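Colleague: Listed here are the chains, written in short residue letters.
There are 2 protein chains.
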Amino acid sequence: MRDKGQEAEIIRLLKAGAGHVSGQKLSRALGVTRTAVWKHIEALRKSGYTIEASPSKGYRLKGPLPFNGIEVSSLLETGFVGRELRFHNEVGSTNAEAFELARNGAVEGTVIMAEGQTNGKGRLGRRWESPAGHNIYLSIILRPPIPPEEAHWLTFVAAVAAAEAISEFCPARPVLKWPNDILINGRKAAGILLEMGSEPERVHFVVMGIGVNVNMTRPMFPEYIRNTATSVRETKGAEVDRRTLAGRLLSSVELWYKVYLAEGSVPILSEWKRYFGFEGKEIRVVSFGNTVKGVCLGVDDTGALLIREPGGAVKKIVAGDMEAASK
Amino acid sequence: MRDKGQEAEIIRLLKAGAGHVSGQKLSRALGVTRTAVWKHIEALRKSGYTIEASPSKGYRLKGPLPFNGIEVSSLLETGFVGRELRFHNEVGSTNAEAFELARNGAVEGTVIMAEGQTNGKGRLGRRWESPAGHNIYLSIILRPPIPPEEAHWLTFVAAVAAAEAISEFCPARPVLKWPNDILINGRKAAGILLEMGSEPERVHFVVMGIGVNVNMTRPMFPEYIRNTATSVRETKGAEVDRRTLAGRLLSSVELWYKVYLAEGSVPILSEWKRYFGFEGKEIRVVSFGNTVKGVCLGVDDTGALLIREPGGAVKKIVAGDMEAASK
Numbered sequence: 001m002r003d004k005g006q007e008a009e010i011i012r013l014l015k016a017g018a019g020h021v022s023g024q025k026l027s028r029a030l031g032v033t034r035t036a037v038w039k040h041i042e043a044l045r046k047s048g049y050t051i052e053a054s055p056s057k058g059y060r061l062k063g064p065l066p067f068n069g070i071e072v073s074s075l076l077e078t079g080f081v082g083r084e085l086r087f088h089n090e091v092g093s094t095n096a097e098a099f100e101l102a103r104n105g106a107v108e109g110t111v112i113m114a115e116g117q118t119n120g121k122g123r124l125g126r127r128w129e130s131p132a133g134h135n136i137y138l139s140i141i142l143r144p145p146i147p148p149e150e151a152h153w154l155t156f157v158a159a160v161a162a163a164e165a166i167s168e169f170c171p172a173r174p175v176l177k178w179p180n181d182i183l184i185n186g187r188k189a190a191g192i193l194l195e196m197g198s199e200p201e202r203v204h205f206v207v208m209g210i211g212v213n214v215n216m217t218r219p220m221f222p223e224y225i226r227n228t229a230t231s232v233r234e235t236k237g238a239e240v241d242r243r244t245l246a247g248r249l250l251s252s253v254e255l256w257y258k259v260y261l262a263e264g265s266v267p268i269l270s271e272w273k274r275y276f277g278f279e280g281k282e283i284r285v286v287s288f289g290n291t292v293k294g295v296c297l298g299v300d301d302t303g304a305l306l307i308r309e310p311g312g313a314v315k316k317i318v319a320g321d322m323e324a325a326s327k
Numbered sequence: 001m002r003d004k005g006q007e008a009e010i011i012r013l014l015k016a017g018a019g020h021v022s023g024q025k026l027s028r029a030l031g032v033t034r035t036a037v038w039k040h041i042e043a044l045r046k047s048g049y050t051i052e053a054s055p056s057k058g059y060r061l062k063g064p065l066p067f068n069g070i071e072v073s074s075l076l077e078t079g080f081v082g083r084e085l086r087f088h089n090e091v092g093s094t095n096a097e098a099f100e101l102a103r104n105g106a107v108e109g110t111v112i113m114a115e116g117q118t119n120g121k122g123r124l125g126r127r128w129e130s131p132a133g134h135n136i137y138l139s140i141i142l143r144p145p146i147p148p149e150e151a152h153w154l155t156f157v158a159a160v161a162a163a164e165a166i167s168e169f170c171p172a173r174p175v176l177k178w179p180n181d182i183l184i185n186g187r188k189a190a191g192i193l194l195e196m197g198s199e200p201e202r203v204h205f206v207v208m209g210i211g212v213n214v215n216m217t218r219p220m221f222p223e224y225i226r227n228t229a230t231s232v233r234e235t236k237g238a239e240v241d242r243r244t245l246a247g248r249l250l251s252s253v254e255l256w257y258k259v260y261l262a263e264g265s266v267p268i269l270s271e272w273k274r275y276f277g278f279e280g281k282e283i284r285v286v287s288f289g290n291t292v293k294g295v296c297l298g299v300d301d302t303g304a305l306l307i308r309e310p311g312g313a314v315k316k317i318v319a320g321d322m323e324a325a326s327k
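For the record, the sequence lines run as chains A and B.
Note that this note's numbering gives residue 239 to position 239 of the first sequence, counting from 1, and the numbers run on in steps of one.
Note that this note's numbering gives residue 145 to position 145 of the second sequence, counting from 1, and the numbers run on in steps of one.
Don't take every hint at face value.
Calculated lysine to aspartate or glutamate pairs in the EDC-like style (CA-CA distance at most 20 Å, straight line) [unchecked claim]:
| hint | chain 1 | residue 1 | chain 2 | residue 2 |
| --- | --- | --- | --- | --- |
| 1 | B | 316 | A | 149 |
| 2 | A | 316 | B | 149 |
| 3 | A | 62 | A | 9 |
| 4 | B | 315 | A | 201 |
| 5 | A | 316 | A | 150 |
| 6 | B | 57 | B | 77 |
| 7 | B | 15 | B | 241 |
| 8 | B | 25 | B | 52 |
| 9 | B | 316 | B | 150 |
| 10 | B | 316 | A | 201 |
| 11 | A | 273 | A | 300 |
| 12 | B | 316 | A | 150 |
| 13 | A | 273 | A | 164 |
| 14 | A | 316 | B | 201 |
| 15 | B | 188 | B | 239 |
| 16 | B | 316 | B | 279 |
| 17 | A | 315 | B | 201 |
| 18 | A | 258 | A | 241 |
| 19 | A | 62 | A | 241 |
| 20 | A | 273 | A | 323 |
| 21 | B | 15 | B | 3 |
| 22 | A | 4 | A | 77 |
| 23 | A | 281 | A | 309 |
| 24 | A | 316 | B | 150 |
Just so you have them, the derived chain A footprint on chain B, three or more residues with Cβ under 8 Å [claimed, not checked]:
| hint | segment |
| --- | --- |
| 25 | 150-156 |
| 26 | 187-195 |
| 27 | 199-211 |
In silico negatives: residues of chain B with every beta carbon more than 10 Å from chain A [as the list claims (entries may be wrong)]:
| hint | residue |
| --- | --- |
| 28 | 31 |
| 29 | 32 |
| 30 | 56 |
| 31 | 144 |
| 32 | 315 |
| 33 | 325 |
These are computed hints drawn from the structure, not numbers from a lab.
Keep in mind it's a predicted model, so treat the numbers as computed, not measured.
Beta carbons: idealized from backbone N, C-alpha and C, even for Gly.
When you get a sec, could you build the whole thing from the sequences and use the hints?
Modeller: Given below as structure tokens:
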């Protein structure tokens with residue numbers, strides 16, 4: 001078994017040490033043999049760190065820091081979200097793994113994060129493109145004491161949290177599309193997939209999946225989404241530090257989740273509306289196979305979308321996909 | 001791998017054969033060697049069958065038939081419920097196993113049934129006593145195209161289905177307690193646990209768990225439920241054929257599930273009310289830690305319980321536990 005705690009401690013000491021840190025010093029600090037230290041160093045190299053070893057001077061951390069669990073954990077400012085963090089280089093779907101863990105009793109706040117997903121999932125059974133090396137894919141296990149019909153508010157929590165975190169890294173203001181896509185300059189930069197396990201009367205757990213296109217560049221997107229997807233980097237014009245963004249994202253989720261538990265949906269919806277970008281605009285919504293067109297009147301206090309049709313009738317949409325109407 | 005289909009076919013041939021059926025005849029009918037036949041016979045003995053073997057005459061089925069997957073399957077009259085049936089001598093919880101299978105794509109109608117559960121579950125995290133040898137414990141995977149807030153209607157579907165199936169085997173009419181306990185002579189004879197996996201907008205799957213106390217006698221119940229639990233046998237005064245009851249239960253679930261999908265909640269609720277035994281009676285309901293007492297006015301068309309308090313105010317209860325008020 002790898003001891004992630006000891007590995008993280010070695011990284012902390014190497015970062016603090018500025019220059020070389022001797023194997024002896026590391027072995028004393030950790031209370032393990034120098035051979036054990038060497039094994040940890042090997043494991044850390046596999047996790048993406050460049051660590052120079054000199055027989056006389058010891059170990060030195062070099063080059064850019066990787067995107068991994070140790071780095072994200074070292075930047076965490078949360079109380080419980082991400083305090084239990086599982087980072088994978090590759091996983092089928094972070095939501096699927098989180099669902100399984102939640103079902104088996106994982107504590108609230110447990111986060112599954114992956115460098116890449118082979119079977120990334122979007123809403124309603126769709127695919128979420130998840131190549132390794134550029135983006136953030138994470139799922140957070142929450143255990144809110146609510147009935148299933150309230151769980152859609154956590155979609156709004158996630159949308160607000162993601163919009164706020166992304167806005168710190170992006171010159172263009174993120175815009176929310178109902179119910180929970182995050183757009184930058186009119187293109188999708190992040191998505192949310194909320195799944196839950198429940199009885200009819202109460203939620204057992206919620207898995208809040210958030211995928212953010214961080215450093216992908218236009219040619220990297222598959223053809224079928226190249227004109228509708230974007231990344232934070234595409235807007236900023238420079239690479240974004242995923243470790244920092246992931247940390248901010250988890251802090252933001254924790255903050256807004258606590259607000260929801262303490263004060264309910266009102267402050268969440270109010271914040272969500274600040275990022276909603278379609279009020280007063282012509283939109284088209286597909287809901288249960290039907291298409292509704294008209295002027296978006298915003299959302300009501302249940303979170304449903306309101307549309308005024310050309311004839312004047314106002315339609316309330318509880319589930320579906322909306323788009324800006326093509327001219 | 002055991003071939004359950006071939007085992008079932010051997011049982012069918014032995015039942016049809018009245019007397020002995022030769023190993024040669026069985027091997028021809030199945031298209032396998034006589035050694036393979038013998039192996040199947042051994043497996044069938046382990047599944048509870050008593051099979052006599054005579055070197056000259058062949059095999060003969062003797063004694064009472066066991067309660068197992070082959071027997072339940074042979075009595076099925078359903079279109080899809082139980083057509084995929086997994087029977088276990090012992091399982092942690094049929095709901096937990098069904099949930100896992102559903103998550104991994106099991107077809108609608110898949111049924112998990114067990115002779116005993118080591119970790120039988122009731123509503124809201126409670127325990128369901130599940131000794132082997134006397135009762136029915138089963139879970140049905142359903143995939144209704146509904147949002148999570150409609151899923152509670154499947155609790156009503158299950159309650160109606162169980163009440164109807166049980167009533168065929170029981171001289172006393174089963175009585176439903178809101179939302180979904182089945183009582184006989186005022187004591188709990190069956191319970192329902194509905195769990196689901198979903199997105200906020202749509203249910204991915206529902207696991208409908210039904211536990212029926214069939215042949216337990218009073219001394220078999222643990223002390224803590226001895227005065228509140230009963231079984232079909234306790235009322236009937238004679239042992240009940242679990243195979244037949246399980247088959248009727250699955251048919252009844254399929255019937256009422258189809259009615260719900262085709263016609264919605266109205267006919268379900270109407271049937272449910274025929275079995276509800278507390279209208280006009282003094283009841284006590286514990287809901288989210290609060291106790292409400294008063295006269296039960298029945299349920300409204302959303303399935304919520306209505307109580308008129310002594311002061312005259314009518315309370316609507318959406319989740320909780322009700323009891324007849326103690327005198």
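Colleague: Taking only the CA atoms, is the gap from residue 315 of chain A to residue 201 of chain B under or equal to 20 Å?
Modeller: 18 Å, holds
Colleague: Between residue 273 of chain A and residue 300 of chain A, does the CA-CA distance stay at or below 20 Å?
Modeller: Given pair residue 273 of chain A, residue 300 of chain A holds - Cα atoms ~10 Å apart, limit 20 Å.
Colleague: Does the structure keep residue 281 of chain A and residue 309 of chain A at a Cα separation of 20 Å or less?
Modeller: 12 Å, holds
Colleague: Has the segment 187-195 of chain B got at least three residues whose CB is nearer than 8 Å to a CB belonging to chain A?
Modeller: holds (count 3)
Colleague: Under the criterion that the straight-line Cα-Cα distance not exceed 20 Å, is the pair residue 15 of chain B, residue 241 of chain B satisfied?
Modeller: 18 Å, holds
Colleague: Regarding the assertion that residue 31 of chain B does not contact chain A, is the least Cβ-Cβ distance greater than 10 Å?
Modeller: 40 Å, holds
Colleague: Keeping to a limit of 20 Å between CA atoms, is the pair of residue 316 of chain A and residue 150 of chain B held or broken?
Modeller: Holds, at roughly 18 Å.
Colleague: Under the criterion that the straight-line Cα-Cα distance not exceed 20 Å, is the pair residue 316 of chain B, residue 150 of chain B satisfied?
Modeller: Satisfied, since the Cα-Cα distance of roughly 18 Å is no more than 20 Å.
Colleague: Check whether the Cα positions of residue 4 of chain A and residue 77 of chain A lie no farther apart than 20 Å.
Modeller: 19 Å, holds
Colleague: Measure nothing beyond the straight line between the CA atoms of residue 316 of chain A and residue 150 of chain A; if it is 20 Å or shorter, mark the hint as holding.
Modeller: Since the Cα atoms of residue 316 of chain A and residue 150 of chain A sit roughly 18 Å apart, the hinted pair holds (cutoff 20 Å).
Colleague: For a C-alpha distance cap of 20 Å, please report whether residue 62 of chain A and residue 241 of chain A respect it.
Modeller: Distance ~17 Å between residue 62 of chain A and residue 241 of chain A Cα, so the pair holds.
Colleague: Going straight from one Cα to the other, do residue 273 of chain A and residue 323 of chain A come out at no more than 20 Å?
Modeller: 17 Å, holds
In this structure, the earlier hints numbered 6 and 18 are contradicted, and the remaining ones agree with it.
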